[in-house]
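Novice: My request is simple: use the sequences and hints to build the entire structure.
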Amino acid sequence: QSVLTQPPSASGTPGQRVTISCSGSRSNIGSKTVNWYQQLPGTAPKLLIYSNNQRPSGVPARFSGSKSGTSASLAISGLQSEDEADYYCAAWDDSLNGHVVFGGGTKLTVL
Amino acid sequence: QVQLQESGPGLVKPSQTLSLTCTVSGGSISSGSYYWSWIRQPAGKGLEWIGRIYTSGSTNYNPSLKSRVTISVDTSKNQFSLKLRSVTAADTALYYCARDQWSGSSHNPTSYYFDYWGQGTLVTVSS
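Quick note, the sequences are listed as chains A and B, same order.
Just so we're aligned, residue 1 is where the first sequence starts under this note's numbering, counting upward by one.
Just so we're aligned, residue 1001 is where the second sequence starts under this note's numbering, counting upward by one.
Calculated directly from the structure, the hints in this document are not laboratory data.
Watch out, some of these pointers could steer you wrong.
Claimed, not checked - Some chain A residues near chain B, calculated using beta-carbon distances under 7 Å: (1) 44; (2) 47; (3) 51; (4) 63; (5) 99; (6) 100.
Stated by the list, open to error - From the derived model, a few chain A residues whose C-beta atoms are all more than 10 Å from chain B: (7) 9; (8) 14; (9) 17; (10) 32; (11) 40; (12) 43; (13) 45; (14) 61; (15) 64; (16) 75; (17) 81; (18) 101; (19) 103; (20) 108.
C-beta: ideal position from N, C-alpha, C; glycine also.
Specialist: The following block contains the structure:
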């Protein structure tokens, strides 16, 4: 069972806006920034959003992140077929001498 | 452009030690204030952070694996390594190495994320 909670699946049609939630606690999301990773089928995860809402160079602006309290969200607007992937949230957790925690992942299907 | 490449045996017997190495290219492992991590992913499942190392040798481990894990670094070879002892079938997974970015305190960072990943290497635990 993952420390951060994500819905196992999400879906949308091309052009639609979808959001994926990530719920944690005071020791992780509540006091640290949240990151999102995209894992396309058969590939390594790729950093998508860092520090709650920052996009690395090359990540389209239609990907955005937000955080409020102990929850965070990833939003994808103008959904495209190539966005079909697994999405993971992650954060530092300051309990037990500190460690990184991940969400269980959300499989996004583009219908 | 930093690149990471995992290497090591793809098959390990139960109760033995899993050993992997990550070779960093495109930059010195010692340059900048980076930690270097190992992350694993069982087939069809999510990501699990194993632990991290700084080039000084300072380490942190996932509390659930701490008793079995050792991460070390060899700056002369631009490599860092993972040893996981007493493996079982539950340790079968795709193992990734990654470069860590952080801000704030190194022991209690405000922001912590992985900006470069290796392609991963599959390790199967089986007799």
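Novice: For each hint, tell me whether it holds in the structure or not.
Specialist: Hints and how they fare:
| no. | hint | result |
| --- | --- | --- |
| 1 | 44 | holds, 4 Å |
| 2 | 47 | holds, 5 Å |
| 3 | 51 | holds, 5 Å |
| 4 | 63 | violated, 15 Å |
| 5 | 99 | holds, 5 Å |
| 6 | 100 | holds, 4 Å |
| 7 | 9 | holds, 13 Å |
| 8 | 14 | holds, 26 Å |
| 9 | 17 | holds, 24 Å |
| 10 | 32 | violated, 6 Å |
| 11 | 40 | holds, 12 Å |
| 12 | 43 | violated, 8 Å |
| 13 | 45 | violated, 6 Å |
| 14 | 61 | holds, 19 Å |
| 15 | 64 | holds, 16 Å |
| 16 | 75 | holds, 18 Å |
| 17 | 81 | holds, 22 Å |
| 18 | 101 | violated, 7 Å |
| 19 | 103 | violated, 7 Å |
| 20 | 108 | holds, 14 Å |
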